[in-house]
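These protein sequence lines map, in sequence, to chains A and B. Under this note's numbering, the first residue of the first sequence is numbered 1, with each subsequent residue one higher. Under this note's numbering, the first residue of the second sequence is numbered 1, with each subsequent residue one higher.
Hint data in this document are derived by calculation from the structure and do not stem from the laboratory. Just so you know, these numbers come straight off a predicted model, no measurement behind them. Positions of the beta carbon are idealized from the N, C-alpha and C atoms, including for glycine. Any given hint could turn out to be false.
To be verified - Once the Cα atoms are required to be at most 25 Å apart in a straight line, the calculated PhoX-like pairs of lysine-lysine come out as:
(1) A:432 <-> A:309
(2) A:261 <-> B:47
(3) A:254 <-> B:35
(4) A:424 <-> A:445
As the list claims (entries may be wrong) - Negatives, chain B to chain A, calculated, CB over 12 Å:
(5) 5
(6) 32
(7) 35
(8) 36
(9) 37
(10) 61
(11) 65
(12) 82
These are the residues of each chain, in order.
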Amino acid sequence: MPMNYINNASLLKRQLVVRFARLMFAGELKNEIDLLPLHQAPRNSEAVRCCLHHDRAVIRYRLIALLGFAIENEKPDDEARTLASYVEEAEARGAARMAGSALTVIDEACSACIRANYRVTNACRGCVARPCMMNCPKNCISFEHGQAHINEKACISCGICAKVCPYHSIVFQPIPCEQACPVNAIVQDKNGKQDILADKCINCGKCLQACPFGAIMERSEIYEILRAITNPAEATVALIAPSIVGQFNTSLGKLVTALRKLGFDHVVEVAWGADLAAQKETAELIERLEHGQTCMTSSCCPAYVEAVKKHITNIKPLVSGTLSPMQYAGEWAGQQWPGARRVFVGPCIAKRAEAKASPHIENTLTYEELGSIFIAASVDVAECEENRADLEATSVGRKFAVSGGVSTAIKNAASAAGHNVTDKVIDGLDSKSLAILKAIDKIVKTDTFVEVMSCEGGCINGPGVISNPAVARRFLEKMLQEHP
Amino acid sequence: MAKKFKITICSGTTCYVLGGAHLMMLAESLPADLKDQVEIIDSNCIKACQCDNAQPPFVQINDYLMSQASVAKVVEYLRKHRGEA
């Protein structure tokens, strides 16, 4: 199970969402949003970056992203714009402002990591043999003050110098966002700052998790969501993803009450949609295998589906056509409460893009954002009463939260229908697993169901989670024992 | 024999969201030499967040209230105070 280490950049973001949501609840966002950078980085406090002014500039951009805007669209004069004017624009333009990628880069926060991946450390002894210099194919190593020095402009990051150094004094230093991206969709511009290429990006959120400067933000929808749940005239539905179990160190029943306290009128378990998706996907699999297809892959992970569309188009015919659990649950909620705003609550950023293209979901919210909203509303989840969701699921759908859950469900359902199916799990997308997927029908045995999860370990390790995946898994297992 | 340290981890929503989630790994992360001296209690909100300028997450170790707690800070504290009665 992968670790999800504590990370100051994400804690600062959560604190900012708390402040933002408090102003929304008080009806004072437009009046006071321009004070938030000052409140978050007050005078005489210790700066995280070079100075408080830089910290505040970055906070200002975070707020613009929290309002749903893409930082890339900023024009030079916009630097002088008030945040209040962005609130007005959000109000006037509504969801239209959300067009484009779900992720945005804050140039001001990006540290423009050094392009060359190899660096000489102080362990260099300036030896006589100098194998680094002698073997460098680009002749870019020189000696200054008795130590090797790499010319970053000429270095091609081949790694030979690190391999040949007898003192292991040359280290590999990745550009974290680029290393995390499975599809090479994030690249440096001429100033060394990162750009996300919309035609390649699959919105998996790995760059956002990887950047130590918190320079990559999701374009949030909390403005619309908070406006809707604080408006008694607007009906709202929270569609909670299976991985929500264990996110707040408490039971699902208490969480249902907490969501209603926030102002959601209805709560639906997306795991119900997963129950349904498992049935439909099994029927689809059996039909396809009977028609001679070797294997079929899952379709519930939107980052994977996007990766197929943009990068491994040859396997498109192998991907299940079954809708995702979110969409089935949203469709049901739409029939049950016509006109209600349906908000998917989950760990996922790629779901934002999927929801935008779907008629069944209006908005998406991450667990991190939900947690901050609970704090702003003074709702303590553990102290809420147990309650039941408007629509509940079985343990089959609830297991979709961890990798292996989908394939187990399909394998069991197929076996119950008299079909023997082999299952294979692709646990986490990276360049290696994408290469495997590209040739998946030649690799697996006949009659195989392939489950693909972009996040290693499954949705409980998504970019928007609060709990350590190991803790979330414990909660899920406990719940499955109590409600088999 | 009574345990030397009683550690109460606050899992109120404020603490849990603002860093406390990682404290749930405390039991697994304790070094072997400290393990048998510690009793860990996972508690509802201990109300430490309600004062001004509170810095969650909070952990109560015997009489000491630790703010901005982390696994590393707790382990360091235990190491320092294990010799005391």
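Subject >> Reported absence of residue 32 of chain B from the contact zone with chain A (all CB gaps over 12 Å) >> reply: holds, 19 Å
**OP:** Decide, holds or violated, for the assertion that all CB atoms of chain A are farther than 12 Å from the CB of residue 61 of chain B.
**Re:** holds, 19 Å
Subject >> Agreement of residue 261 of chain A and residue 47 of chain B with the hint, judged by alpha carbon distance not exceeding 25 Å >> reply: holds, 20 Å
**OP:** Would you check the hint for residue 254 of chain A and residue 35 of chain B, treating anything up to 25 Å between C-alpha atoms as holding?
**Re:** Violated: residue 254 of chain A and residue 35 of chain B sit about 32 Å apart, past 25 Å.
Subject >> Cβ separation check - residue 5 of chain B to all of chain A, threshold 12 Å >> reply: holds, 21 Å
Subject >> Distal placement of residue 65 of chain B relative to chain A, Cβ over 12 Å >> reply: Consistent with the label, residue 65 of chain B stays out of reach of chain A, its closest Cβ about 18 Å off (over 12 Å).
Original post:
Can we trust that residue 37 of chain B is non-interface, i.e. its beta-carbon lies farther than 12 Å from all of chain A?
Top reply: holds, 23 Å
Original post:
Within 25 Å, alpha carbon to alpha carbon, are residue 432 of chain A and residue 309 of chain A?
Top reply: holds, 18 Å
**OP:** Would you check whether the claim that residue 35 of chain B is not at the interface survives, using Cβ distances to chain A and the 12 Å cut-off?
**Re:** Fine: 18 Å to the nearest Cβ keeps residue 35 of chain B off the interface.
Original post:
Minimum Cβ separation between residue 36 of chain B and chain A greater than 12 Å?
Top reply: Holds: least Cβ distance 22 Å, greater than 12 Å.
Original post:
Taking only the CA atoms, is the gap from residue 424 of chain A to residue 445 of chain A under or equal to 25 Å?
Top reply: holds, 10 Å
**OP:** Mind verifying the non-interface call on residue 82 of chain B? Its CB should be farther than 12 Å from each CB in chain A.
**Re:** holds, 24 Å
Checked against the numbered hints given earlier, this structure breaks only hint 3.
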